[in-house]
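Here is what each chain is made of, one letter per residue.
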Amino acid sequence: MFTANTTLMLVATFLPLLGALVLLLVPKDQRRVFEVGSLLVMIASLLLSLPFWFGYDRASDAVQWAGAWTWIPALGVKFSVGMDGISLLLWLLTTFIGPIAIACSFSSIGERHKEYYLWMLVLQTAMLGVFITQDMFLFYLFWEVMLVPMYFLIGIWGGPQKLYAAIKLFLYTLAGSVLMLVALLAIYFLQHQTTGSYDFSLASFQAMAPVIAQQSKTYQTLMALAFFIGFAIKVPMFPFHTWLPDAHVQAPTAGSVILAAILLKMGTYGFVRFLLPIMPGATKDLMPWFIGLSLIGIIYGALVAMIQKDMKKLVAYSSVSHLGLCMLGVFALNPYGIKGGLFQMINHGISTSGLFLAVGIVYERRHTRMIADFGGLSKSMPVYATIFMIMTLSSIGLPLLNGFIGEAVILMGAFQAFPWAAVVATTGIILGAAYMLWMFQRVMFGPISAVNEQMSDLNLREVLYFAPLVAAALWIGLYPQPILDVMDAPVRKLVEQVTPGFHAAQSLAARQAAAARLGMRGMAAPAVHAAVPAGHEVPAAPAQDAPAHGGGH
Amino acid sequence: MTGFAQGLLSALLRDAHLMAPQLFLVIVATLMLWPGDLFFNRNEKHKWAPITLVILAVTAILVARVPDGEGFSRMFRMDGLTRGFQMLCVLATAGTVLLSVKLLDSLKQQTVEYYALILFSLAGMLFLSGASDLISVYFSIELMAICIYILVAYLRDRATSVEAGMKYFLLGAFSSGILVYGISLLYGAAGGVTTNLADLNQALALAPATSSLLVYAGVLMVLVGMAFKVAAVPFHMWSPDAYEGAPTPITAFMATAPKAAALAAFLRVFGSGLHGVSSDWVLPLSYIAGASMILGNVAAVKQESMKRLLAYSSIAHVGYMLLGVLSGDPRAGAQAVWLYMLIYIVMNTGAFAVVIYLQGKGEGERIEDFKGLGRKHPVLAFAMMIFLLSLAGIPPLVGFFGKFYLFKLAIEQGFVTLTVLALLTSAVSAYYYLGVVKEMYFKEPEGEAAPMGAGPAFIVTLACALVLVGTAFGPWLLDWAATISWI
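Residue numbers (our numbering), protein chains in the order written: chain A, 20 to 572; chain B, 856 to 1342.
Isolated chain B (complex conformation) (with noise of 0.2 Å):
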């Protein structure tokens, strides 16, 4: 017994190298919690902001300098797909803390929970980035999730976060329910010897051909429950209520890092471990990506509330992605989707921050909060403008870079129609798009510019700034993109 006990702790003590980024948020969130949290007094919470921030970049640093490797008992992998999103739910989780400083002030609302909770979180996220095992997929999801759980109801005293919240929770409890089935009907099918990726790819390869309706019946559980994760339709109706009734820093964290993750997770599970029985997903996740893009960017046209407008516009740049995940080569699909992630959490988060910007004064829920804004504060609107083009897609913007590259893709994989559409849609989006900006710079302004907190005006500038000039720097983006391998 002691034998074992001392194998285990050698083990894990070996493999802990692999996990120090996790390792060193959890441990240093908690202590945040207690006792960091009794050397500030009530008016002082907000200096938890900055000491997030470097907490963040150390976990950056840690993320950047740890090896590739395999370990504990092959639940968690680290290589270049890790560490590439791992990097994307950093970022997104720092464009978050930095929006939230002044909203919180406003709110009087600081507390040291908020950020704790964001660092238990992005654990979650950079778990399920590395997650090797269908078994370590759900567990990193539960930790993401239901700390944004917690935060989405973060305002408790608005009954629209609570809602929100509560929608949510219940939702997405159902959704890991069905996860968690469908990874039992798969680890029986496979002969119930193993969870590993790897190893389940071999197995289910080797599948009695009468299980293979057990397959079929995993394989789907197991893709609505990841699709509910990164809300692509039909498995999206949690999002717009969640995204309009959260603080608006958690929107746009939501939009971000949780997604970044997931698909990592969505890329590693159907690209390695589910890559032999493509057949049986491959055309459920073409529906998926479809309705994703026309549900997403049609009910975008009708919505007059900002955020929820941003809610849907995410769920059809969800509908995108999935092309990635849909690609036959999946290492060429990881770099596609790795590459639109970085470029969406730039331009998203930017504006997110103009959202921020305005609700700061008591505005900015609704797209009507824009009128006028390119009189009032020209660069500001200007900033807006450039990322929502991008978010449209129209060159020479980043964002375009980043569909071009993903769509080069899906065609060369020979997904014609869903590309048509993809193309079809953005167009579409354009028509929403346009309409913001048609409010900043068509309308007349009313009301005077209220000057801008430090936080949101440093990430519009540096977003606004990249999104610009990106396509530019088009070779070094594809450099990066082409770390990302896990085969």
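Just chain A, with the same shape it has in the complex (with noise of 0.2 Å):
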């Protein structure tokens, strides 16, 4: 009932949970069995997710290799499998972190090895699963599993505070899901009464949105705001975000890492997936306040982090401002704007592991996160500063780094929405080139300490596990193109079904400027008055109608 192509992905997103079956039969003295089979684990999900890179049809805007196996009839629940372009990239990333968080700790997890191998191949699973499921309830089973091992991981192997932090992490994130669940349900009773059947589907749901913007606006805006608290708190956006710095900094170093790269990826694709196709209406009602939480999460998470004293701390807030800045492109609700937060989503993936695994390499060496406790360190590690180097400019988004196209096109959408969001957006990124530039040199350059002088640069085993990591950033920084392209048709079908006939509308706005641009003014007039009531983004149209639509509807 399923095709080899979805039972390829079936296996290497269920390869994590098998391996760590297995592992779980080997004694637990054996710690080197536990670091290179689970390694080696990763790897081969990592390589079995690779043709689908290859395979994915760019022109189609479908779920391709979709596969779907009855499971409870009564409840219209299937266990149903499938990715789009956005799932995709989201997927990759996570097969793709997965050995690099591995790889980093075999040195820093000092006791407690089978366990803790276990809990993380269990993780991978857990959310791989959240990526090609195309059903709600599956959706939730995989959202909430995650939860147990990450739970686990911080309460075992984390810092002086790690049970606060895990319990807090768990807590936060249970509460958002629960009110998700209402939301699902509610809808999912809705459809009961409009269809008469049960169904759990994606798509069934996706088919609700017009039923759902007939209901009274009330209903909505709780449907929206369950929605959106749940993703929220997962993003996290601000005022969501107290228990990412707990979480962040208790966390072990592939903790911290698989937060920052997939965990917190797991809210954007949220609303990427769910809010905005489910409930545009509403989406479109309460966008101001999503705006300008947007907006205070990239500012607060900018200036939060510009005092920290702690490396650690100041990368986890660094992650609520770009996170805030994610969240600004997707609520643009333009191609741009979606592209450039997906695309942020990744860099974000790539520059913040990489600055967490950097941290932990200090960590491991001198115990200490504290800025203070540096200085002088491209003296002694030359290699890990200049890889140090490289993440920091990924993340600020210096041109030729991965994070340089994410934010322009990301800005770039937002000004075609909301101009002055675009405008205080650009203020967060310079203060986070501050930030992040100040504690470098602060690191790196300057006196160095007897003790630091001590510190061994990066052994050949850290090297490997920061290479790709260095890689994917040059690559993705000098030829974004293909990353673009796989989103290209599923984003072009968001932006369709949030605002239906966007893209008629854009391209009668481009034939309106040629022909303005040709003179033949009493043929562009009228037309330009018929797009803009409509609510349409008109690309060509006078920069002040924007804000009304801000605001409007």
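Hints listed in this document are in silico derivations from the structure and should not be mistaken for laboratory results. Note that the structure is predicted; figures quoted are calculated from it, not measured. A virtual CB, placed ideally from N, CA and C, is assigned to each residue, including glycine. No incorrect hints appear here.
Calculated pairs, BS3-like style, for lysine-lysine (alpha carbon to alpha carbon, straight line, at most 25 Å):
1) B:K902 to B:K963
2) B:K1231 to A:K47
3) A:K187 to A:K328
4) B:K1157 to B:K1293
5) A:K133 to B:K1231
6) B:K1293 to A:K133
7) A:K187 to B:K1293
So, partial list: chain B residues that the calculated Cβ filter (under 8 Å) puts toward chain A:
8) P1251
9) K1263
10) E1267
11) K1293
12) G1329
From the two separate chains plus the hints, produce the assembled complex.
What follows is the structure in structure tokens.
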């Protein structure tokens, strides 16, 4: 009932879980077996996932490699999987980060190795599962399962405040996801009332958008808020971000890497996949609030990062700021914004993982992360300094590296939709450059103390796990087109779902602009008036119309 | 006169097959007390446990075999609802017996009375599950409860056990009084002709407007009496003390079997007898359900005793299950409650099995005693973690499936606020369940692991397997639930 490709996708997803089950049988003093075994499993899963990058049909916006298996017919639940470009990118990011997260744990995890690697493998399958599922019930299952391994990873192998951080992460996320569950169930019933059948498939939920749009304003707003809070906690958006610094700072390095690279992306993925297509109307109504929170996140995250004394905390708050930027892009609701937001999710996954790994390196050597304890490291650790530099520059969006492309595309999109918001966001980017470079300067340059002089540079294993991140940062920075191509068709479909007729209006506007340039005023003028009241973005339209869109409807 | 007696006897004999399981239990348990007990000397009393298990297996077969029907002047009904909840009671009782053996051995408290009382109590529950008349509801509740009062106070040389039994008995008797008073008011309001639930429903619909206050008072009093039996807030006060003082297997028993039977009665009384006057009880019951969820979960957070924690958590779970009773569609409500109760029995009995294992070593009463269990006894700790996460409703464990099905129904029936409350409080519950997980995995162990008794080990393994993969068998669970019907 599944095609060969679908089966391969499932194998790549569930391979880590299988690996965990096999490793369960190994006695717990065999540390090496767990390290190497889980690394091999992750690499195998990565290799199995690579063909999907090449096999993806970029011209189609359909869910590819789809397969479904009846599970609970009475509830309309299917074991239904498949990916479109958006899921594919995040799925590949997850298989890509997996081996790195394992490789960086060899020296940093000092006890209870068996449990550690087993939880890492379970977590990997849960995360991969979220991205391939096409059924809301299954989605919720994977979404929640993720929490348990993360709770243990932080709670057992974390820093001094680990218990507090672990339970805070768990409860915050759980509270958000149960609200999301209520909204899911409510839509599920609305669907039952209109169509007479129960169906949990994502497609049927998205097909409910017009029916939801006819419900009362209160209903729509409450539904949208329930989804919003569930995802915003995961992203995390201001003011739901308070679990993040605790979790990041207390988590072991690999935990931070996975949190930053994948777990936070679940939230943004949720917005793109569920909130926007299912409830576009309510989203637009609440848009001023969403944009406001994104902007506060960008500025507040950056300002708080600026004053941090702990490197890991600084990187954690920089995530709040960067994810705010992603959300701004997504909420622009136009192709540039959404593409930029998705693109920046990938970038943030790469650069922030790199930064957390870099912080982990010095922490392993010195058992401190305080910026004040370091200085002049570029003398004793030149290779490390170089890699840290690349990751820093990638994070602040220097051209030629990956971060620049994402930020540029987001700002293009945001400027089309909300010019004032784009202006504010730019401030955040400037602040970002300031705090990152300032940290780099304080850690890497200046006088070096005797202790820091003794610090050894990266060993081969460490270089090897940084290498893919550096390569990816450079590759995406120099040639981002393949990634943009993959998301092109799904984003086009998404924009069309959010704003029906968007692309038609846009091409009309483009033709009008061309006509206007040719001097055919009579042909251009009436059509502009026809297009604007419909609420569509018209790039050629005067800029003063755009704020009206943001606050309108 | 003889004609009447003959008629009565033939009527009883005609309907006797409907009550075959209960009659079997009562007869066998009586024979156990005398002359059965004469066959075993003081040191052989533990042999009553396997015998009890065989009796329970026979009871289960009888329950499955009894045909649908109504009898004894329409006081007792055998239908899908009865059968389903009777099965749950037998299942929970079997779990209790398995858990009892080792603990009673170590306390040197094995007696035939213990097992006989459990069987008598079970007979009461089987009556209660099928009681279709307010009078039969009342006397089955009493049969069930009186045996449990004694069982709670079973460890008579322990002050806590006796105190718990006393408290439970006094409050239980008081609430029974309220229940009976409510029944009499309803009887009067309905014209003084019937206490049969189906007739009552029609009679109350025809009751004159002047008696509406009488109906309201009667409904409220019945509600209070029933809420007491399932330990719903604010009538839960007895439960933490009774749970803490009772022998742990009896705590596990109280948390599962009598609750299943009482919920069956709850569903039947409010779903059929008082369905017509639902406007009188939906609001108070909503408040009771909401308060149970809030208080149960919030109070559990502060507990240091594992048994009290599970007591408060069971109050919260009853709060969730009352959502099913509230359902405007009684049949769907009964199915959801049954499914939830089935799952709850499995995971709760599993959790109690772990507590009893630790108690065998003189600990387990306190949450601290779980310290480092993950290192000392990884399999057991893993199972306990699965039970706790399942109680908290974390997918993909089967506890989530039960919650999901129940909350789905509640949203369908329009109880959105209560469902949101239920879900948020279940997020709170994750806090205290994870508190135990934290002790097991994040703290260093003290002392050595002890071997486990066969009974608890069997229960832990079976329950853990069921909880882990239960959701995958969702279709089967739903098929079973679909057999729960009485209309």
